[in-house]
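Participant: Sequence:
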Amino acid sequence: MRKRKMVEITGMLVLAAGLLFAGCGSGSDNSASAKAAVEEIAYAEEAGITDTAAGGAGADMAGNPEMKTLDQESDWGGAAAVERKLIRNVSLEVETENFDELLLAVKERTAQNGGYIEDSYTYNGSSYYGDHRKSADLTIRIPSGQLDEFLSSVSEVSNVISRNENVTDVTLQYVDMESRKKALDSEHERLLELLAKAESVEDIISIESRLSEVRYQMESMESQLRALENQVSYSTVTLHINEVTKLTPVKEQNVGERIVSGFLGSLSNIGNGLAGFGIGFMINVPYLVFGAAVLLILYAAAKIIAGKIKKRQEKRADTQADKDSETKKDSETEKDLGKEKKKE
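Take any residue in the sequence shown, note its place counting from 1, add 193, and you have its number in my numbering.
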């Protein structure tokens, strides 16, 4: 009997202790559960974002025929420029005998194809250095669908010396970024739901802190997507224009054509050299006239000074001669007087 009572008392004490701990911990469980939920969402988004992106991309490909086509084409080695995200950059170097007309034509064709000039530099030649040939460097953005038409139109009005084209496929990068953005959107919605249910200040602060991080990542991802979409939608054309007196032949010449071209080129260089000399001489005529005038003035001044010096020397010589003559006469007179005295 005594043992049975002891067992009953012990059981009641254990039950009371359990109820006491349950009552004390119920207040903190709500807060801990909200915090744990936030941490669980953040961990799931950060650790499993790649899986989410892959799963989301797979689901999109299953439900989206275009994305499915992309996946099939990547497996089969096909290429469809419309469905893929391609960045095309083209560099052109052209020549022209009429710089102003070509520059105007390029601007008109850029506008006609829905593009715009992003950057431009124009050199109008320098008479000081004797170089009157003009040149220009243009950075042009053209809608990707109109790029080939624009390049063809530029080739028609200019002499293309070189062309370099680079194509970058960013399809996988674009799909991955979109999947990441969808994952961030989902996390943002779940955090808003938790924020609406949060009761304590600690929970609200924790959820809002995570919301700020997610919103920052969403804005950054949207900015990257816009930049990537702009590069895909608008191709970049770097155009260098040179004004020349004679266009460079773009087709291969035979021996006779090369001899004739070289001979005519030599004659052209001689003519240009003589023309440059004549132009330089005419440009420097004022300096030559001024230098000649200075030399004449210096020559005249030197001649005048030399004449004066010569006159002074002649005058001194005449004076000395007169003195010598008078001295000679005096000596002769003295001699004559001496002779007369001796005779007396």
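Simulated from the structure, these hints should not be mistaken for lab results.
Note that the structure is a prediction, hence the values are computed from the model and not measured.
Among the hints, a few may not be true.
[Claimed, not checked] Quick list of simulated restraints, FRET-style, between CB atoms:
id: 1; residue 1: 390; residue 2: 426; range: 41 to 49 angstroms
id: 2; residue 1: 469; residue 2: 418; range: 50 to 58 angstroms
id: 3; residue 1: 358; residue 2: 449; range: 33 to 41 angstroms
Yeah, the Cβ is synthetic: ideal placement off N, Cα and C, and Gly gets one too.
Participant: Which of the listed hints are not met by the structure?
Facilitator: Violated: none.
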